[in-house]
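Q: This is what each chain is made of:
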Amino acid sequence: MSTVLEVRDLSKSFGGLHAVQEVSFDVREGEILGIIGPNGSGKSTLFNCILGQLVPSKGQVAVDGKAVTGLRPSQLNRLGVSRTFQLLQVFPQLTVRENLILAGQEHRGSRLRRLFGARDAGLTADANRMIDFFRLGHLAEEKAGGLSYGQQKLLDAAMAFMAGPRLVLLDEPAGGVNLTMLASLKERLQAINKETNATFVVIEHNMEFVMSLCTRILVLAEGRIIAEGTPEDIRRDPKVIEAYLGH
Amino acid sequence: MSDFFQLVIAGLATGAIYALAAIGFTLLWQTSQTINFAQGEFVMLPAFFALAAMKFFGFPFWAACLTSIVVAVLLLGMVFKVVVVDPMLKQGVLPLVISTIALGILLKEGAKDFYSAEAQPFPYIFPDVMVELAGIRLSLSQVGVMVIAFAVIVALQWFLGRTRTGRQMQATAQNPTVARILGVPVERMIMYTFLINAGLAAMASLLISPIYLAKFSNGEHLGLAAFVAAIVGGFNQVRGAIAGGLLVGIVDNLAAAYVSTGYRQAVPLVLLVLFILFRPQGLLGRKEERAV
Amino acid sequence: MTAASKKRWLVPLLVLVAVLLVLAPVDLTGLGLPYPGLKRYGTYIMTLWLVTAIAAMGVNLIVGYAGQETLAQAAFLGVGAYTTALLTKAGMPFGFAFLISGVAAFAIGIVLGIPALRVQKHYLAFVTLAFAVLMWLVFRNEQWLTGGVMGISDIKRPSLFGISMRPYLHFYWFVLGITALLTFALWWIIRSPWGRAFTALRENPVRAESLGVDVRLYTLLAFAIGSAYGGFAGALYAPLVEFIDPNPFALAPSFLFLLMVVVGGAGSFIGPFIGAAIAVLLPEWLRFTQGYYLLIYAVLVMLMMAFCPGGLVGLYLRLVAMLRRQRVSA
Numbered sequence: 001m002s003t004v005l006e007v008r009d010l011s012k013s014f015g016g017l018h019a020v021q022e023v024s025f026d027v028r029e030g031e032i033l034g035i036i037g038p039n040g041s042g043k044s045t046l047f048n049c050i051l052g053q054l055v056p057s058k059g060q061v062a063v064d065g066k067a068v069t070g071l072r073p074s075q076l077n078r079l080g081v082s083r084t085f086q087l088l089q090v091f092p093q094l095t096v097r098e099n100l101i102l103a104g105q106e107h108r109g110s111r112l113r114r115l116f117g118a119r120d121a122g123l124t125a126d127a128n129r130m131i132d133f134f135r136l137g138h139l140a141e142e143k144a145g146g147l148s149y150g151q152q153k154l155l156d157a158a159m160a161f162m163a164g165p166r167l168v169l170l171d172e173p174a175g176g177v178n179l180t181m182l183a184s185l186k187e188r189l190q191a192i193n194k195e196t197n198a199t200f201v202v203i204e205h206n207m208e209f210v211m212s213l214c215t216r217i218l219v220l221a222e223g224r225i226i227a228e229g230t231p232e233d234i235r236r237d238p239k240v241i242e243a244y245l246g247h
Numbered sequence: 001m002s003d004f005f006q007l008v009i010a011g012l013a014t015g016a017i018y019a020l021a022a023i024g025f026t027l028l029w030q031t032s033q034t035i036n037f038a039q040g041e042f043v044m045l046p047a048f049f050a051l052a053a054m055k056f057f058g059f060p061f062w063a064a065c066l067t068s069i070v071v072a073v074l075l076l077g078m079v080f081k082v083v084v085v086d087p088m089l090k091q092g093v094l095p096l097v098i099s100t101i102a103l104g105i106l107l108k109e110g111a112k113d114f115y116s117a118e119a120q121p122f123p124y125i126f127p128d129v130m131v132e133l134a135g136i137r138l139s140l141s142q143v144g145v146m147v148i149a150f151a152v153i154v155a156l157q158w159f160l161g162r163t164r165t166g167r168q169m170q171a172t173a174q175n176p177t178v179a180r181i182l183g184v185p186v187e188r189m190i191m192y193t194f195l196i197n198a199g200l201a202a203m204a205s206l207l208i209s210p211i212y213l214a215k216f217s218n219g220e221h222l223g224l225a226a227f228v229a230a231i232v233g234g235f236n237q238v239r240g241a242i243a244g245g246l247l248v249g250i251v252d253n254l255a256a257a258y259v260s261t262g263y264r265q266a267v268p269l270v271l272l273v274l275f276i277l278f279r280p281q282g283l284l285g286r287k288e289e290r291a292v
Numbered sequence: 001m002t003a004a005s006k007k008r009w010l011v012p013l014l015v016l017v018a019v020l021l022v023l024a025p026v027d028l029t030g031l032g033l034p035y036p037g038l039k040r041y042g043t044y045i046m047t048l049w050l051v052t053a054i055a056a057m058g059v060n061l062i063v064g065y066a067g068q069e070t071l072a073q074a075a076f077l078g079v080g081a082y083t084t085a086l087l088t089k090a091g092m093p094f095g096f097a098f099l100i101s102g103v104a105a106f107a108i109g110i111v112l113g114i115p116a117l118r119v120q121k122h123y124l125a126f127v128t129l130a131f132a133v134l135m136w137l138v139f140r141n142e143q144w145l146t147g148g149v150m151g152i153s154d155i156k157r158p159s160l161f162g163i164s165m166r167p168y169l170h171f172y173w174f175v176l177g178i179t180a181l182l183t184f185a186l187w188w189i190i191r192s193p194w195g196r197a198f199t200a201l202r203e204n205p206v207r208a209e210s211l212g213v214d215v216r217l218y219t220l221l222a223f224a225i226g227s228a229y230g231g232f233a234g235a236l237y238a239p240l241v242e243f244i245d246p247n248p249f250a251l252a253p254s255f256l257f258l259l260m261v262v263v264g265g266a267g268s269f270i271g272p273f274i275g276a277a278i279a280v281l282l283p284e285w286l287r288f289t290q291g292y293y294l295l296i297y298a299v300l301v302m303l304m305m306a307f308c309p310g311g312l313v314g315l316y317l318r319l320v321a322m323l324r325r326q327r328v329s330a
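Chains as they are written, first to last, in my numbering: chain L, 1 to 247; chain U, 1 to 292; chain C, 1 to 330.
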């Protein structure tokens with residue numbers, strides 16, 4: 001089982017504010033790693049540094065052994081890393097199917113060939129498969145802006161998986177989703193993890209969601225890792241309890 | 001060598017005027033994400049207000065200048081914000097950009113059609129006599145321009161740094177969202193920046209029109225000078241706009257002497273391109289985080 | 001109206017429009033129809049409309065689809081016009097000059113775009129502004145090349161398969177054909193995955209980037225292609241007016257291109273044609289206002305931006321939606 005993601009001594013400071021301090025961890029293929037921590041612990045900043053949204057002040061990130069520190073998000077995406085967003089980011093003017101085709105098209109052949117090739121870059125079948133998998137079938141032709149919040153969340157997740165990524169970073173996937181939809185989302189994520197052996201890293205506040213979905217958990221507080229282990233270990237770790245209660 | 005110094009000093013004088021135009025432009029951008037493509041016309045027009053006051057109402061020059069500033073602050077500050085900017089902000093950035101472009105055309109054509117297409121002489125605030133200071137021959141009006149412009153800039157800096165309202169304005173400029181959370185009356189602060197911009201533009205107009213003559217087409221050159229000054233300065237703080245304005249003024253003046261008249265206008269533009277290529281954060285700007 | 005039913009009447013409509021455009025300047029009284037056609041000036045206006053529309057299409061790609069701002073389209077027109085004028089006067093065939101005009105504009109677009117797009121969003125507007133003024137200065141000053149203020153005169157119209165395009169009717173059809181080709185090319189681009197990428201980067205560049213859409217590269221491409229269309233328009237403009245000087249390629253006309261695209265409806269396919277028609281016809285319609293027309297135009301643009309930023313196409317769509325709602329509730 002190979003290491004898909006390696007983070008070494010990652011640090012990010014904004015002036016005097018040290019958001020992330022010397023964070024190091026590995027993620028193995030097929031794992032579902034959860035990252036939790038109180039507000040302001042640096043989870044989002046860590047994500048953004050890994051994904052190229054921000055340039056780290058120090059440290060390295062490697063995907064499948066290849067150094068990717070400081071690459072732009074589109075470059076990372078083409079190396080097999082994708083993400084979902086905390087605040088919904090679907091394309092409201094495009095239909096559900098169009099959103100999915102967009103999510104996959106940059107991985108199909110060269111840019112030039114795509115200009116002269118088929119309108120859908122040959123992705124209609126894959127998009128339909130994704131629509132079925134996430135049970136959005138009746139909405140395929142709807143403009144994404146007209147979907148409910150929960151449906152858009154599912155679409156967001158589906159878009160992250162369109163290109164068959166190696167590594168998916170999910171930023172608070174459970175935020176604002178009702179219980180039924182949440183169960184459905186969790187089940188779909190577990191299914192796709194089993195089917196494709198894709199590796200997940202999940203930031204979440206919803207403890208229930210994280211504990212039941214993730215195989216391993218990291219706890220961040222004030223920019224540093226304070227605990228690491230299985231959900232059971234973390235639940236009982238006194239340092240973790242203190243970090244949350246202390247805030 | 002004294003020729004060179006003379007040019008530099010003259011450049012500082014026009015540069016100070018450009019700085020006034022650039023400061024307001026930068027403040028508008030920082031506080032309300034407004035790119036005012038009509039800024040050049042904002043600097044062209046107040047001179048015409050003064051001329052009209054003198055011609056049609058018989059005002060003495062000093063009263064005409066005051067009237068011009070007041071009218072500018074009202075029309076190009078308050079009315080501009082309430083009637084043009086506020087309704088547009090809801091529609092997005094592009095409609096606002098288009099509106100300011102259209103406004104610029106409107107003001108330009110308005111000056112041409114309702115006043116005159118001919119260049120109008122404009123009185124100097126200080127008489128244009130030569131004096132000698134430390135071995136350098138200068139025009140008294142240049143000295144006067146520098147004194148007034150620098151006085152205005154110093155007053156503005158004092159206002160922004162030392163008064164409560166000024167600090168609130170700075171907070172709004174740095175980060176409107178955070179400022180709102182901290183209880184700063186952001187909407188009022190934004191209105192103040194519009195009023196200040198109009199006031200600074202009017203001052204710039206009164207100071208530069210004696211040199212360039214009041215002409216409806218001045219806006220193009222003045223607007224470009226303001227844009228270049230703001231960007232070269234770094235586009236994210238007032239001090240940058242001042243530095244940028246002075247640099248553009250000096251470069252512009254040196255160009256007048258050393259570059260052929262055909263390409264004189266090109267020099268500030270080349271300056272702009274060089275900065276965007278090699279130092280996009282400007283003279284005093286901070287290196288921006290990845291914009292994506 | 002579903003997508004399928006829309007397609008059914010779209011093709012006949014296009015055929016009708018094509019026929020109308022071909023026949024518009026023709027005197028049909030000989031065939032027994034009460035339509036005297038357009039004379040020389042009317043046909044010239046229609047040809048000018050087509051040339052303007054090509055340039056407007058380019059601006060629409062940059063502004064309406066990729067969400068950027070360009071203040072240099074008139075300068076690119078100038079690049080195309082002077083290139084074509086000089087090459088054809090040197091004996092080169094028009095087709096070659098036409099292509100070079102577009103390629104040159106494209107190349108310049110790439111060179112301008114690369115530094116500007118590395119920085120903040122609005123910097124492209126300022127770079128294009130600087131370029132527009134610089135280009136106009138070059139046109140005006142380099143007398144040995146461009147004829148300076150005197151310009152270049154006696155620009156010949158080309159011949160196609162031995163038939164001269166000099167008669168105004170022939171030239172109109174020639175330009176109509178080229179416009180159709182360029183329109184088709186743009187339609188193809190926008191329908192392709194590239195068009196989807198442009199929409200994505202306009203609506204949500206952060207998300208687009210995270211999906212592998214190289215936002216910088218696509219923005220650059222949109223800008224370069226849009227500018228190339230300006231070059232192509234210029235290549236046709238030179239033989240249309242047969243004499244060029246720096247005036248039409250100054251900064252103010254660039255502003256007008258931006259305005260006309262937004263007035264027509266930025267981001268819609270037909271918007272540039274409508275905007276171009278207004279821009280070309282406005283001086284004619286408002287001739288009675290004796291030169292105030294630019295002022296009135298500016299006021300109208302501002303009002304439109306306040307109440308209907310989608311332009312005339314947007315207004316039409318809004319009316320249709322309103323009528324449909326009324327019919328449903330009735």
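By construction, these hints were calculated from the structure, which means they are not laboratory data. Mixed in with the good hints there might be a few duds.
[What the hints assert, rightly or not] Computed footprint of chain C on chain L; a stretch qualifies when at least three of its residues, placed anywhere within it, have a C-beta under 8 Å from a C-beta of chain C:
#1 58-65
#2 100-106
#3 110-121
Built from N, CA and C at the ideal position, the CB exists for glycine as well.
Q: Hints first: check each against the structure and report whether it holds.
A: Here is what the structure says about each hint:
Counting residues of the segment 58-65 of chain L whose CB lies closer than 8 Å to any CB of chain C gives 0, which falls below the minimum of 3, so the coverage claim is violated. Restraint check on the segment 100-106 of chain L versus chain C: 5 residues with Cβ-Cβ distances below 8 Å, three needed, restraint holds. Restraint check on the segment 110-121 of chain L versus chain C: 8 residues with Cβ-Cβ distances below 8 Å, three needed, restraint holds.
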